[in-house]
Structures are given as structure tokens and as C-alpha cells.
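Student: Protein chains in written order, with the numbering used here: chain H, 1 to 307; chain C, 1 to 375.
It is worth saying that the hints were derived from the structure and are not from the lab.
Note that beta-carbon positions come from the ideal geometry of N, C-alpha and C, so glycine has one too.
Under the rule of at most 27 Å between Cα atoms (straight-line distance), these lysine-lysine pairs were calculated in the DSSO-like manner:
hint	chain 1	residue 1	chain 2	residue 2
1	H	Lys190	H	Lys87
2	H	Lys178	C	Lys137
3	H	Lys87	H	Lys178
4	C	Lys137	C	Lys233
5	C	Lys137	H	Lys87
6	H	Lys178	H	Lys190
Pulled from the structure, derived: some chain C residues nowhere near chain H, Cβ distances all over 12 Å:
hint	residue
7	Arg35
8	Gly36
9	Leu46
10	Asp56
11	Leu185
12	Phe196
13	Leu205
14	Glu223
15	Ala226
16	Pro350
17	Leu352
18	Ile359
19	Leu372
Just so you have them, the derived chain C footprint on chain H, three or more residues with Cβ under 8 Å:
hint	segment
20	107-115
21	229-243
22	281-292
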Amino acid sequence: MIYAAPVTEVTIFGLSSGAVFALLALGLVLIYRTTGVLNFAHWAIGLMAVVTYVMLTALGLPPQVAAALGLAVGVVSGVLAYRLVFKRLGRGRQVIVILIAIGLAQFYSSVAQFALGFEQFTRLQPWLPAGDVHLGQVAIRASEIITAVAAIVIAFGFLVWFRLSRTGRALRAVAQNKEAAMLAGIDDVKYSSIAWGIGSALAALALLLVMPHSAGEQGGIITTFDVTPFGTLLIPAFGAALVGGLVHLPMALLGGFVFGLSRELLILAPKPWSDLRASMAAILILFLLLLRTERFFATRQELEALE
Amino acid sequence: MKVDVAVEPRHGSAPVTEELEAPPVARVARRRPTRGQLLGLASLGLISVVPVPFGDFGYFIGQYATIYAILGLSVVVVTGYAGLISLMPYSFAGIGAMATGIAMASWGWPFWLALPFAAGATVPFALFVGVTSVRLKGLYLAIATLTISNALGETFFTWETITGGDSGHFVARPVVGPVDFGGDLAFYLLCLGAVFALLFMVEGLRTSRVGRAMLAVRDNELEAQALGINVAKTKLVAFVLSGMIAGFGGAFLAQLLISVTPNAFQSPFAEATSLLLVTLVAIGGMDRAIGAFVGAIALVVQQQIFNGFEFFFAFVGIYAAITLIAFLLFRPGGLVQVGKILADLTRARPALGLSIIAIILVTNVGGAWLILSLS
Numbered sequence: 001m002i003y004a005a006p007v008t009e010v011t012i013f014g015l016s017s018g019a020v021f022a023l024l025a026l027g028l029v030l031i032y033r034t035t036g037v038l039n040f041a042h043w044a045i046g047l048m049a050v051v052t053y054v055m056l057t058a059l060g061l062p063p064q065v066a067a068a069l070g071l072a073v074g075v076v077s078g079v080l081a082y083r084l085v086f087k088r089l090g091r092g093r094q095v096i097v098i099l100i101a102i103g104l105a106q107f108y109s110s111v112a113q114f115a116l117g118f119e120q121f122t123r124l125q126p127w128l129p130a131g132d133v134h135l136g137q138v139a140i141r142a143s144e145i146i147t148a149v150a151a152i153v154i155a156f157g158f159l160v161w162f163r164l165s166r167t168g169r170a171l172r173a174v175a176q177n178k179e180a181a182m183l184a185g186i187d188d189v190k191y192s193s194i195a196w197g198i199g200s201a202l203a204a205l206a207l208l209l210v211m212p213h214s215a216g217e218q219g220g221i222i223t224t225f226d227v228t229p230f231g232t233l234l235i236p237a238f239g240a241a242l243v244g245g246l247v248h249l250p251m252a253l254l255g256g257f258v259f260g261l262s263r264e265l266l267i268l269a270p271k272p273w274s275d276l277r278a279s280m281a282a283i284l285i286l287f288l289l290l291l292r293t294e295r296f297f298a299t300r301q302e303l304e305a306l307e
Numbered sequence: 001m002k003v004d005v006a007v008e009p010r011h012g013s014a015p016v017t018e019e020l021e022a023p024p025v026a027r028v029a030r031r032r033p034t035r036g037q038l039l040g041l042a043s044l045g046l047i048s049v050v051p052v053p054f055g056d057f058g059y060f061i062g063q064y065a066t067i068y069a070i071l072g073l074s075v076v077v078v079t080g081y082a083g084l085i086s087l088m089p090y091s092f093a094g095i096g097a098m099a100t101g102i103a104m105a106s107w108g109w110p111f112w113l114a115l116p117f118a119a120g121a122t123v124p125f126a127l128f129v130g131v132t133s134v135r136l137k138g139l140y141l142a143i144a145t146l147t148i149s150n151a152l153g154e155t156f157f158t159w160e161t162i163t164g165g166d167s168g169h170f171v172a173r174p175v176v177g178p179v180d181f182g183g184d185l186a187f188y189l190l191c192l193g194a195v196f197a198l199l200f201m202v203e204g205l206r207t208s209r210v211g212r213a214m215l216a217v218r219d220n221e222l223e224a225q226a227l228g229i230n231v232a233k234t235k236l237v238a239f240v241l242s243g244m245i246a247g248f249g250g251a252f253l254a255q256l257l258i259s260v261t262p263n264a265f266q267s268p269f270a271e272a273t274s275l276l277l278v279t280l281v282a283i284g285g286m287d288r289a290i291g292a293f294v295g296a297i298a299l300v301v302q303q304q305i306f307n308g309f310e311f312f313f314a315f316v317g318i319y320a321a322i323t324l325i326a327f328l329l330f331r332p333g334g335l336v337q338v339g340k341i342l343a344d345l346t347r348a349r350p351a352l353g354l355s356i357i358a359i360i361l362v363t364n365v366g367g368a369w370l371i372l373s374l375s
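Bound-form chain H, shown alone (with noise of 0.2 Å):
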């Protein structure tokens, strides 16, 4: 049977959760173009923006002031693990920089375990403002909805600023081909720099976005589960990304509310389907890995390049 469901709150609860996909995605996105590697310290490195904000709201600093030094803290990690790591990699190494990746998300999940003190559970000061917004009959949370506007202004203005900008042309250049991006006088240590802290940024605010509002009015929670190298969110972004066969950023965005949608939606359907909700994730990026994506989004060239 099918609840007297409240449509209107599962669907804006959905579109919200795919706008942090969606965010977190373009990012592992911009980074593996860029630099060939699949960021997967992604949700490692958004989680030391959190516990930047943790530990600065707990010194009495205003929540939004913490929440922008904690972005800050979030490019900071990500453009030191290129400088420090990937950049000494050659291209086509790829299990070693792989295991490197794993070992990084190891290293910012730790730091992140040791800064928060192996608390169970840690609470959150919201930093958007609390309280709720009354769409018809059904009462919705105001930071669902400014998570999933947000996300998408942001996404929809990253995509429209990585197609025009100056920057965005030279990322695109080093990511179809770098020897040619290099002899045309373009530097690639510092447009892959400039990758890392973009996608860093990207999944901080993500993770920004969706920890100090888990819990509505009392802000957020963070518990045990969440201070994991992978977290609880890096697959479904994975997915997200794979939609756009990791290589096509627009696809990507798309993927983040297909995955997020159909995550939330899944509530709404009859019993023995519902259930389907914990492993739809795994079915569809199964689904799409065996698809071989990145064959419609990239040449046979690029692909070879980021091998």
C-alpha cells in the first residue's frame, strides 16, 4: 500500500541529500579529470572542515565565522595531500596511487578521530538558520531547503565558471591532455593544485551542509559511524560520479539527485520494494560500472591518459 505519504517533504528531502552527492561527485569529478586520481580520502578530507567547526564553535567563535574557517581548513588539506603526495606520483601507477589514496583517507579520519576525543556521539551548532517553512500543509525544515538550493546554485555556478572562466579552460586543457596543456605554457602543478582545493571545497561544503543539520532545531550529530575513512556518504557520491562515467561533471550533478532521489523516494514504495532502499545504492553503481560509462563521455585517448 501506499502511505498517505508526505510527498512534497520525502521529495524535498531527497532533492536535498542529491544536491550533497551531487556536490560531493563534482569534486571527485574535477579531481580525477585533473589529476587521475579518485579521490577516495574525498570524505576524509571534508570531515576536517567539520571538525574544524566542532572545535571552533566550541571556543564561542559565531558558527558562521567556524563554518567558512572550516572550508578554509577543508582546501588546505586537500591542496597539501596533492603537494605532498600526488604530486611526486607518476600517472599509471594506479594501484600504488590507489593505496595512497586509501592510506590518506586512513591519515584524515584518525586526526579527525583524535581532534574529536572518541566521543559517541559529538552535537552540532546549526549555522543556517533553524526553524521551519510551511509549504502548503507540510512543514518543512528551512536548512533542507536552503542544503538543496544551495548545493544547486553552487554546482549550476561551478559548471558554468569551469565552461567559460580562464581557469576553468586551462583545468580542461590539463585534463584532455597534459603534455600538450604544459607545452602550451600552462602549469600543471598549479591548475591540479587549484583542482585539489576546488574539489576539497566542494566536499567540505557538502559535509558543511548536511552534519550541523542532521538533527533539525538541536543542529547535528556526529557519531562513530561518521568519523569512518569512507564515511557513510562516499559510495552513493562514487555512483554519483560514475554516472558521469567520472570524467563528465554536468552527468555527475545529475547523478547526485538520481542517487539521492532514489534513495528517498524508495520510502514512499510499497513494502517488499522499500526494503530495496539500503542496497539501491550498490545495485545501481554495480549497474553502471558493468555499463562501462566512461566509454559515452570520454575519448579512447583521455581514458588511456588517466590510466
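Based on the hints, put chain C in the right spot on chain H.
Tutor: Structure of chain C alone, referenced to chain H:
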């Protein structure tokens, strides 16, 4: 065309291609073990008596380290030998542990029957992953195994018939005649026997026909195909062997924990432990069986000693991650390679080599002692 070998040490041991051209080892008549092999055996023997003075606590750590070494060997086969990244070794171990739980607790099987059953129970899953791996390369496979591990946690490990609900299964340790493996020393010896047997089997696999095919596939798939190696079959065999080893280790894990609960194998703890396994193998040295053993000792011993103090537990996590990254950047052969370099150095310039070894030992052991005595 020579391709840069991903996990082959840059210094020291011979490149893989030479090994491929060497005459089959089986043909060589029984030869006397070399001095290096004897030294290795002696040090293995020495390491295995280290827990004795520490009593039950020592045996418990020893059991943990040996079982993680078994699970690490499954990573050696699939990632070290065949070059396939699998982020789900702990899920295979979980399947083995659950199979042991069902067989022993619900069906009343003895441990000796449950052991092969646990190894066999992983085969269908390993075949499934293996079939996917034939189609997927590199990081796509990493995503796939991560996803499958996650999905198993949501489906297989929440299925109450298999997991026995939240309380899990209760497994008693085996008793054979007068020997009761419920005791810590006896069970430690059992684990030790299992890990040594597997160590020799996995090291032997490296020079066997199948193992050399795996190494060839790892180095260059096209070249391997041109040599007449069935690439798909080799990958499948690697996954099945790795799954069976992990399932075997899982059976011992069930015995160690005595009560097998499913939530350790669910997301995100399953992924985190799988990462730990991959890390310890990469620190030890990925392309040699002994690397899993060395890595397991190095990491699990530290972790168990510091487990009581969460502060230092995370500190060990940071230490392990930095070590992993540093090793992969500068010495991809891991501790095994570093040990070999140090051994060569000691042979050439004994004073310098021994003092470097002493410094490394003193800083690590001394640091651990300092932290323990401070807290």
C-alpha cells in the same frame, strides 16, 4: 615493451620477468636450504615465542596478529600477486565467520568440518566478484568491491537466519582428545600452525604456474595474453583463492571472538577493517607472502597494546597511515624490502647497518614503552 611494474621493489630483488624465464622450480632436485632461508625460519621461530613471557595477554595478541596475517595473505594473493584491488577482504572473512557460526552453533559440526565449509562458503561470492573483475580494471574494481562490501553488510549480514540476529552465534573452541583448544596457549599454537602452513602455500603459489600467470597479468595484461595466459581465468582463480584464504581466516576469527556478531561486518566498520588489512599488507610488503605476516605483527601488536587507550589507538592509526604513504612513495616493497636493504647494508658495513637497525628498534620500542608508561 617494458612497463613500469607497480608493486615491484625498485631496489633489491630481481624483476619479475627474469623470474618468468627461470626454469620451473619443481624440476630442480631437492636442494639444501640456503643460509637466508634458514635465517628466515629461525627468525619466524623466534617471533612466535615472543608472546610467551607475557602470558595470556601475549597469547591473545599473538592470536590476533596471526589471524590478521591469514586475512592479509588473502590480500597478498589478490592485490600483491594479481594486481587486482579488493577492498572487501574483511567481508570474505565475515562470510567465513558466519559459516563457521552456523555450522558449529546451529548444526553442531566440529571445528575441523566447519573450517573447510567456511573456506568453501566464500567461493560463490568470490566467483561473483571475480566475474565482475574480468570486466573492470583498476579503480573501477576498487569501487565495485567497496560497493559489494557495503551491499553485503546491508543484505547478507542483516539476514537473521544466517547471522543469528544481533546476538550472533556462540562458537565453542574445539577439543581433540586431551588437547583443549579453549586455552589461550593451545589456540595460539593452532593459529600459528595455520598461518605458517598458509605462508608456505602462498609463497609456493608465487613460483607455481598459476602464481606466475598472476604476476604476468599484474605486470601487463596484453603481454600475458600474448604469452597464452588465460587472463580471465587467472583473475577468477586469484579472487577465489583469496576469498577462500579469507574465509579460512574468518573461521579462526569466529573462534577468537567466541561469539560471532554481524555488526562488525556491516558498513562502515567492514570497509574500515578491510582498509586496515590492505594497509598492513602494503606496509609489510605486498608482493611477498611474508609481507602479510610482518605487516600484521607490526600493526596488530601496536594496535592491541594501545587498544585500551583510545588516544593512542588513533595515534597508531595516524602512524600507520603515514608509514603506508611513505613506504608506497619511496619503498613500495614495504618492510620486507627495507629489511632486505638493511641486511645488505649490514653485510657490507656491519657497524653502520647494525647501528641503523638499533636506532629503528630503539625509537619504536622505546616510543611505545614511553607512551605506555606515561598513560
